[in-house]
Amino acid sequence: MRPIDPAAARALIAQAGLEDVFASYPDDVMVALEQAAKYNEAIGALDIKRRVPGASRLPEADQ
Amino acid sequence: MTDICWLSASELAAAYRRRTLSPVTVVEHLLARIRSLDPGLNVFLHLNGEGALASARQAEADLAAGRDLGHLHGIPYGVKDIIDVEGLPTTCHSAVLKDNVATRDAVAVDLLRKAGAIVLGKVATHEFAIGGPSFDLPFPPARNPWNRAHHPGGSSSGSGAGVAAGFFPVALGTDTGGSVRNPAGACGVMGLKASYDKVSRDGVFPLSWTLDYVGPLARKVEDIALFLGVMTGTPAPAINPDIRGMRVGFVRHYHETDMTAGPETAAALQSAADTLAALGASITDVELPPLSDFANVNRAILTPEAWAIHGDWLRKRPEKYGRLSRQRLMVGAFVTAENHLRARMMGATLRDRVSAVFEKVDVLLLANAMNPACRIDDEEKVVLSYFQHARAPFNLTGHPAMSMMCGLSDAGLPLAMQIAGPHDREDTVLNVAAAYQNATDWSDRHPPLP
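Protein sequence lines correspond, in order, to chains A and B. Following numbering that gives the first Met the number 0, the residues of the first sequence are numbered contiguously, the last one being 62. Following numbering that gives the first Met the number 0, the residues of the second sequence are numbered contiguously, the last one being 449.
Isolated chain A (complex conformation):
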């Protein structure tokens, strides 16, 4: 897994509204960020067939 860039981490923390939590519990926030990065990377790497609920269809041209 690629290391998390500190600037990117700060942006993600701000986006999640977790600046105050980070100020009090920086290690906990970083553990969560790193774990989420692993899940994002793992899901991103999967070859996932696009499926939507109900009667919706995804045209081949879109794929």
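FYI, nobody ran anything at the bench for these hints, they're computed from the structure. There could be a bad hint or two in this list.
[Unchecked claim] Label pairs and their computed distance ranges (CB to CB): (1) A/Pro5 - B/Pro137: 32 to 38 Å; (2) A/Arg9 - B/Asp376: 32 to 38 Å; (3) B/Gly86 - A/Glu33: 40 to 46 Å; (4) B/Pro234 - A/Lys48: 38 to 44 Å; (5) B/Ala410 - A/Ala6: 46 to 52 Å; (6) B/Ala336 - A/Arg9: 44 to 50 Å; (7) A/Asp46 - B/Gly69: 49 to 55 Å.
Virtual Cβ for every residue (Gly too), placed ideally from N, Cα, C.
Given chain A, put chain B in place with the hints provided.
Positioned in the frame of chain A, the structure of chain B alone reads:
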């Protein structure tokens, strides 16, 4: 006669009707046992002593007067402390809800109450069913009755430990990534996660509402069936332990290549497969999608759902949560929406692929944990244990899955397997479990307690 504390719910029900035991005698006996042993096991967060005795007296009077509510009338049980019981605390093992008292029963509890079952108390969990075992919460973590230095599994820790310790014959737990089946396996009892939506989640504090299940833990298959029946508002599945001709798919690659089980666990699984074969089942190796796909998809769904529930509280009062909860809940803040939804799409595909396997076999036999329970104070190994199991697939696919003991390690800790079945075929799972139970003595083994 077997000590009262080791009698199953089915055996208690029979004894009540023979008038050889009464609900009051049983509840008094269990309360005395709990008061004697629980200071070393930390199963109970709230013991409902007076309430349970009052219910026992009522049940005794009802049964004597012929007002028989059925097999669960007068049967004591424990309730994981994220499930509401009217008038009792629901703390979720957390300072966040330390003073919360439930104003009504969860639907499952209400159905059990109407069937005459008696709540002995609220029992330990990981904080909000995710953050544990932890030592920075208002209540200590439950311990494994087989060895108090070891983890009882989680998150339904008190449910598994309490059943194993002979505090109650049955308990309710919840299972989002295996939290009924993990403590059942670690504590040498059994636990069932039924098909999705089969047992109501109404009145249960959610962890991840599309993956959450309520399920019973017990020492005997018959008790699992009785509780399942009442909680689903249907007759208890009739158990037929004749499995001759049953097609059992052995998911060997989960513990041999996807992950590597410890030698004792691997040997116990092979022995279980051999036992089922000796009972007349045909065992064939089958392949499911990779375990890592299920684990990652499960977490990419679970964590954003959990964050949607806890995010506001955690931003405002992070100090109210334990360290492990903070770390695990905040993951959901950083899983992208795209990946969350792609995980859902992948989940649908994984569900179809598992369902397709059930067109070829009647049940699946597979690992539960890859190793017996580790020491509870070894945080690194505890964390690792939550990545080394084969429980996540069925939360995602919705298929029923059950954990039960299938061995004992050299160190005296339980080893466990899983049996999973097609949608709505809990009866098939229970039949195989009953056949195995009858052919072995694992369900009669108890921890080294007084």
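Evaluated hints:
1. A/Pro5 - B/Pro137: 32 to 38 Å: holds, 35 Å
2. A/Arg9 - B/Asp376: 32 to 38 Å: holds, 35 Å
3. B/Gly86 - A/Glu33: 40 to 46 Å: holds, 43 Å
4. B/Pro234 - A/Lys48: 38 to 44 Å: 40 Å Cβ-Cβ, so the 38 to 44 Å window holds.
5. B/Ala410 - A/Ala6: 46 to 52 Å: holds, 48 Å
6. B/Ala336 - A/Arg9: 44 to 50 Å: violated, 20 Å
7. A/Asp46 - B/Gly69: 49 to 55 Å: holds, 51 Å
Violated hint: 6 only; the structure is consistent with all others.
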